[in-house]
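Peer 1: Sequence:
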Amino acid sequence: MYSPPPDLPEAAAVRHAAARLRPRSVGGPPDARPALDDDRAAPELREAVCAYVRALRDRGALAEHALVAVRTLVQEGLGAPAHDSRRMPHESDALVARAVSWCVEEYYRRE
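For the sequence shown, this note's numbering puts the final residue at 127, and the numbers step up evenly by one.
Keep in mind the hints are simulated off the structure, nothing from the lab.
Accuracy of the hints is not assured; some may be wrong.
To be verified - Beta-carbon label-pair distances, calculated as ranges:
| hint | residue 1 | residue 2 | range |
| --- | --- | --- | --- |
| 1 | R125 | E60 | 14 to 22 Å |
| 2 | E92 | E63 | 12 to 20 Å |
| 3 | R126 | R36 | 13 to 21 Å |
These figures come from a predicted structure and were not determined experimentally.
Virtual Cβ for every residue (Gly too), placed ideally from N, Cα, C.
Just need the whole structure built from these sequences, with the hints factored in.
Peer 2: Structure (structure tokens):
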């Protein structure tokens with residue numbers, strides 16, 4: 017199984033940005049519950065995901081590895097165990113799906 021470099025500051029930024037969007041059902045603050053299926057709800061997370069994906073791509077990570085790493089970090093930030101996505105609250109699914117989509121877009125972006 018792929019394990020991303022643990023020392024990338026971009027990884028911590030992804031986890032932190034996701035944690036700020038943590039739904040109330042997993043301990044987030046009452047006002048931290050935007051419409052998680054709306055790109056405008058998570059600009060900080062999108063920026064962090066894209067920076068992290070660029071860092072991984074620049075280090076030679078495959079797209080599949082970047083995708084797994086992003087999904088894991090977002091799940092951890094949202095308070096769901098990365099190894100057991102069945103325990104993630106349903107309302108967080110949309111945010112994880114968005115992050116995965118941003119990951120793929122950024123990985124294949126032509127500069």
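Peer 1: It remains to establish, for every hint, whether it holds in the given structure.
Peer 2: Comparing the hints with the structure gives:
no., hint, verdict
1, R125 <-> E60: 14 to 22 Å, "holds, 19 Å"
2, E92 <-> E63: 12 to 20 Å, "holds, 18 Å"
3, R126 <-> R36: 13 to 21 Å, "violated, 30 Å"
Checked against the numbered hints given earlier, this structure breaks only hint 3.
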